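Visitor: Now for the letters of each chain:
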Amino acid sequence: MELKDKLISSFLAFEEGLEPDNGMDSIRNQAIKDFESLGFPSKKEEDWKYTSLNTILKHDYSVFPKKEDAIDYRDIKKYLIHDIDTYDLVFIDGIYSSHLSQTTHEKIDVCLMSSALTKDKYRPVIDNYFNKIAPKTGLNSLNTAFAKEGAFIHIHKNKQADKPIQIVNFATGNESSLMLQPRNLVVVEENSHVQIIERHQSLTDHPVLTNSVTEIFADRRAIVDYYKIQNDNASASLIDNTFVEQKDESHVSVHTFSFGGKLTRNNLNFYQKGERIDSTMKGVTIIEGKQHVDHNTLVHHIEPNCESHQDYKGIFGDSSTGVFNGKVLVEKEAQKTNAYQSNNNILADDKATINSKPQLEIFADDVACSHGCTIGQLDEDALFYLQSRGIPRKEARGLMMYAFANNVLESVKIPEVKKRINKLIASKLEVDLGFNKL
Amino acid sequence: MAYTEDDLKKELETKEYEYGFYTDIESDTFPVGLNEDIVRAISKKKEEPEWMTEWRLEAYRAWEDMIEPEWANVHYPKPDFQNISYYSAPNKKPKYDSLDEVDPELLDTFKKLGISIDEQKKLAGVAVDIVMDSVSVTTTFKKTLAEKGIIFCSISEAIKEHPELVKKYLGTVVPKKDNFYAALNSAVFSDGSFCYIPKGVRCPMELSTYFRINQAGTGQFERTLVVADEDSYVSYLEGCTAPSRDENQLHAAVVELVALDGSEIKYSTVQNWFPGNKEGKGGVFNFVTKRGLCEKNAKISWTQVETGSAVTWKYPSCILKGDNSVGEFYSIAVTNNYQQADTGTKMIHLGKNTKSTIISKGISAGKSQNSYRGLVQINGRAHNARNFSQCDSLLMGNKCGAHTFPYIEVKNKSAQVEHEATTSKIGEDQIFYCNQRGIDTEKAIALIVNGFSKEVLNKLPMEFAVEAQKLLEISLEGSVG
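So the protein lines, in turn, are chains A and B. Note that our numbering gives residue 147 to position 146 of the first sequence, counting from 1, and the numbers run on in steps of one. Note that our numbering gives residue 341 to position 347 of the second sequence, counting from 1, and the numbers run on in steps of one.
Chain B on its own, in the form it takes in the complex (with noise of 0.2 Å):
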């Protein structure tokens, strides 16, 4: 990769979270606060049917009664969910028709961004759904998609255009009761991504969403649903970025994934939202809920780079339903200074010969706290079940911690499940061999991270390696010695 030296130095020179900056559009923000006319109005303003509506409000009342969830690995100061503005979109509709409508300034968003719409329409051919706070701003390429039947649009627009399809699957392998944010999600969601594949198609383009976080004192609630019909494909990529502030921002999404029969669906996400500086002070909250379903001889693959957040609280799950359905997920979530994430997956097998891999990486430095929590469940009917995981993490310094938290249950005598996981740091004797032969410390440790984490970012589509890689080595800088 035409990744040199040179670049690398200009990388860590520019050490601060990049993203950092605050664009100043004026938008559309709800008062702060949270109740069944907030709820009422974001469904109007999204101009959605009456069923959307009940659908939010029945999520809303059984959120009322759930308990925020404490087991994870984290501590941080609860949100006040009072005090949180639910609705926040850049002002200047409506939707545009060309990017030449598009507010200048916007489109300049996204060149510090580094997705430059034109650039990337041309070069990597990537269909992009871009969601700033909260709300879907443009979504390139759909024409080329609709010429082959895929239907790539915000979900909103999905509501009022393909309400059989969404409400068919909206909320299937997600319930609205699911969980305390789930529940939140499925009340107050604002936008996100849609995008059904039709039978028998393979998506001939990487589709990817941008989520940005911008306006103050927001929340960001978006909501993705990606449905493959049978035989189809899809490859899905997901990236996120926020400005640095002193407060906590909330972001609390929902990813549903339904692979019908023979499809696949390979999922990736770059999370970068701002981290906190190095005092620990402000950072987004990223409590997640990502899901996918298999139905027979089906496959979700779940890639993920976790880098940015201060509190990441995430466990992307596959539910192998069908016969011969495979769920794979490989993750390397990097944490630094004040960062803490408690990440990892569920592999719940239900049917015959289901197989899953799961491949972890940590790596953990400065003071943070860096945990795996995963769970394989082979239940009484899944004959032949196969899983294999590996968690592996890497510490730096001993003010950091690593954790592994995997649960293993078996109900099936033909089940054969392994599990195994290392906890080690950088060898002194490869930092000295590279040394040696004239690579300077700093340089060593991202070449080492590099090799450490290499079976995931391998998963990762070509544009987002390159990315991923250097997150990595920026994420990383200045932690060791």
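Extracted from the complex, chain A is given alone in its bound form (with noise of 0.2 Å):
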């Protein structure tokens, strides 16, 4: 049986499975529909011409995972990030862990999406944010028809997130593969700040597909700053959907970190709904084997006076394929707009391939827009430089590869998340950077 039939059968006896709830019923019975029509994207699909999802739907993905609580904190600890206080939200294949996991109901909510999907104190945010932004592809009515569980996040008016939020999904290969459809709601009223920090990571070789969507609300003078790693193995593939929806003044900035995992494919979209909001989008991939990567970005400014920036840089090795699709969409009330989107790429094996295709569609007048897209290979001048000065060749490829990545760190806001990817980018790129002793 296709997968695609496979999810739509299993759909009754999910639904048959859940406690009742806040009027999701209408939502997830229109999502499956939805998706029933439209399907899993193909190739002939403008947005998806250098990404194929063949191989990996060919799996007969299990839908329904048992729970798993043998999985201890030892197990997991390197994948936190463990050397800061954190609030932290952990799902093993898909369910929720209580023992690994700490969450607070004090000035803010950090819960699960569970409870918010059944409790009556939560429906007004659900009935005001869920499902509100994300737009209706077949992968995202795909994950509103099983949306079950995940992150939960409201912060209350003039509130602070006193630590950073993290949410880790693991699978364990219980299920010889699986398909996890994480979904996760940030809510971040007026004045009021958050840090978050996503990860997905496998812990065995069997198939794991994950289909996340993520939808964020700024309110007026928010500031939210959110970081996924993406570092996974070779067997495992993430497809994840994120929207973000701004208003007045606020400041959102998504820095995505690829790494790893057999397909990646990051959906990234802005919507601005006010005046005077900042944007932020920045990425560093460096990827090598058979894996791909693949960005797809959208800002959308709707309102007057507000910025974009995106910086992604990639490093593609042996036979890896690169995708970036950068969308600036300026409507024509979107006057004095500033957008800016770089895309810079280094090749280091003849096998790797890049796709890039930086579009801008503009429709006001009184903008600045630019984009940029560069591939290219390090200045050998450069490398004989610091070879001269008694630096290995390998390390001096290193050193000049990080450097090129780095200016991408720099908006980084919480110490140890950086300390952390700059671990991963030195053990990337196998050279001893010193950073592994800071």
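Derived from the structure by calculation, the hints contain no laboratory data. Treat the hints loosely; a few may be bogus.
Result set (BS3-like, lysine-lysine): computed pairs, CA atoms no more than 25 Å apart in a straight line [said to hold, decoys possible]:
no., chain 1, residue 1, chain 2, residue 2
1, B, LYS393, A, LYS333
2, B, LYS393, A, LYS274
3, A, LYS45, B, LYS72
4, B, LYS340, A, LYS352
5, B, LYS171, A, LYS50
6, A, LYS333, B, LYS361
7, B, LYS346, A, LYS352
8, B, LYS464, B, LYS448
9, A, LYS44, B, LYS171
10, B, LYS315, B, LYS290
11, B, LYS38, B, LYS170
12, A, LYS133, A, LYS120
13, A, LYS45, B, LYS340
14, A, LYS50, B, LYS340
15, A, LYS352, B, LYS315
16, A, LYS352, B, LYS349
17, B, LYS419, A, LYS337
18, B, LYS193, B, LYS154
Everything numeric in this text was worked out from a predicted model, so none of it was measured.
Need the complex rebuilt from these two chains, each delivered in its own frame; the hints are there to steer you.
Guide: Here is the structure:
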């Protein structure tokens, strides 16, 4: 049976197993209908021109994983940012693991989607925000239909999350192959501030496909920093759909660090619904083998006086493939928009491929929009210079690549995250740059 | 250049489409509609050999199964292909041996177009092939060219007189089943220009073709084939105009360039088809396939100034097959009122050390939409390929749009690809600066637009550059209050 048919037929059983919740039935039923008509995207769609899901959709994914309790903190410690105090939301095979997590309801709500969907207390928030900005695509609809668990983060007006929040999804491999549909909702009210770190990690070699949807709402003057660390093993694939709606003077930044996984697709959309908004999207991609990373971004400038900054850097080794598809859409009311987009790539091997499509669609005249895209290699002269100073070629290359990717890290605001990323970059480039001792 | 303020003023006063006249020449027009019989009839009319008829029929059959492409960023009512006449020729045939024999009314038309044949013969030294309603009317300067061994004639003549060359190259760069409009063109093309430059010859003058749609209810489908043999050089110009009409006319041309080892082709276009009136009524649909093939050390340079047409859909491309070959694309696309343009280029790097440069300037005003769409593809074996692309857009008013859709595909690690794009408007400070020095706003804009497009204008042959500059100014007249 094709995966699509399997998912549709599993839906009834899934629905029966649910606790009664806050009027989700109609949303779910509509979503599964939409998925039935839209299906999985194919390469014929312009947005999926360079990324084919065919190979990863071939597996017979299990949709109902069993609960796994045997995972211990020791097993997962290395995947967490453990050297600072954080709120943790840990999901194992899509199921919340209370003994590994730390939640709160003091001043801010850091808890579970499952309780938000079923408890009356959260009903107004769910009614106002759930499934409001995710566009109707096959993948989003699929996630909405099976939405059951994930992170629910609600920062009330004038509050600041006192420590960063980690959302970590593990796959244990109890099933021979597993499909996960995590659903996150982040609502940050006026003048509030939150920092979130998200990670998906497979603990086995069994195929895992994660189709994650995250909706983020930043109200007036809210500040949201979101970090995505993607360093999964070669049998895990991730389709990450993140949608951000911003109101006046809010600042939202999303950093995506893609270091691994069989296929990673990041759909990241920003909708600016107010004035003087700042949106930042940054990414570092370092992959090898046959890995495939696709960044698909959209910034929709709807109101005047807003800014957006995009900076994506990539280093592609072996026969890996990198895709960047960035779109800046400026409506005619959005005068005085400043939109910058930059995509720089290094091809480290002859079999690696880069497909880049930076697009501008502009309907307003008083704007400053630009994009730049480069594909090239390391400067031989600079390499020679380093070698002539006694730095071996391999280290010299590592140093230069590190420098290339580094300016994306400058805007990372949590030092421990920066340190972790530095370590990951150094290990990816297989050089000891001394960061391990930091 | 001897183009003064007064000239500009005069130009601006006649701001309506100045080529919008219609010449009352009796013409021989086929009934509307398209089927195999029409294709056969066109072929017969052109007295073509059997292989050519077959070639057309094959293209027609392929076309029947094809669907009109819809991916371009343009919106327009689909032309009804069964409601177009596929052949229209000025009646008074056969070919003229000298200019005196040409229908005086036709000559008048050319005068209005500003291409008085005599004058150009003497002054500009340009050899012109004029195609009116799909049929080549006259070719000038043939003798001088023949001395050098250069063949420059209408393509129907070439099919008759140089079948070996046509057979060898026709459809090699743009296969007859390449796309919807190329297939349509291959089936019904009625004429066009053919040019062959022999080995080692540097064409002593600019070759030029002028296209004009005259008859109502007809489509123009011309086919141009330029072959530059080893180590030769040619510069080729192309210009187009059409009368003002309320209906949309279809223009679907195919241009093929073959640049053999060490040769260079420079192809310049000033496209000024009727853009439709201020309300967006009428105008030409310009759906053109242009492509060039570069062998070893060859160079193809496309330069285009696009000011006309209601809808433009055009991507002059270079296939850089040979090692060390070079492709260039310089473009200015101006849209005003309700015009829509989706234009750009494709640079396909196959050979080693291949280089390409793309400079595209888009200017949108009124309620128009202007898109750049380009592809840079570096294949696995194209070592040390180099590309530089720059796409700048200028917006005038907030009812128009400027869009950029670059595709970059790289499969070789030694490639160096750079792409940059900017979108902005004319700065108030720039206009103020000009005003302050006594230059009125209208003129200041003309000045700034000229500066904005300078990199491309500089690439045009001199005579064309003057015309292009004037065109820019007229096209943008009244676009900024």
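Visitor: Taking the hints in turn, state whether each one holds.
Guide: Taking the hints in turn, this is what the structure says about them:
1. B:LYS393 x A:LYS333: holds (7 Å)
2. B:LYS393 x A:LYS274: Roughly 21 Å separates the two Cα atoms, so the pair holds.
3. A:LYS45 x B:LYS72: The hint holds at about 22 Å.
4. B:LYS340 x A:LYS352: Roughly 22 Å separates the two Cα atoms, so the pair holds.
5. B:LYS171 x A:LYS50: Measuring from Cα to Cα gives roughly 23 Å; hence the hint holds.
6. A:LYS333 x B:LYS361: holds (12 Å)
7. B:LYS346 x A:LYS352: holds (16 Å)
8. B:LYS464 x B:LYS448: holds (13 Å)
9. A:LYS44 x B:LYS171: holds (23 Å)
10. B:LYS315 x B:LYS290: Holds: B:LYS315 and B:LYS290 sit about 7 Å apart, inside 25 Å.
11. B:LYS38 x B:LYS170: holds (19 Å)
12. A:LYS133 x A:LYS120: holds (19 Å)
13. A:LYS45 x B:LYS340: Cα-Cα ~20 Å, so holds.
14. A:LYS50 x B:LYS340: It holds: about 17 Å lies between the C-alpha atoms, which stays within 25 Å.
15. A:LYS352 x B:LYS315: holds (20 Å)
16. A:LYS352 x B:LYS349: Measuring from Cα to Cα gives roughly 21 Å; hence the hint holds.
17. B:LYS419 x A:LYS337: Roughly 11 Å between the alpha carbons, so the hint for B:LYS419 and A:LYS337 holds.
18. B:LYS193 x B:LYS154: Within the cut-off at roughly 22 Å; holds.
Of the hints listed earlier, there is not a single one the structure fails to meet.
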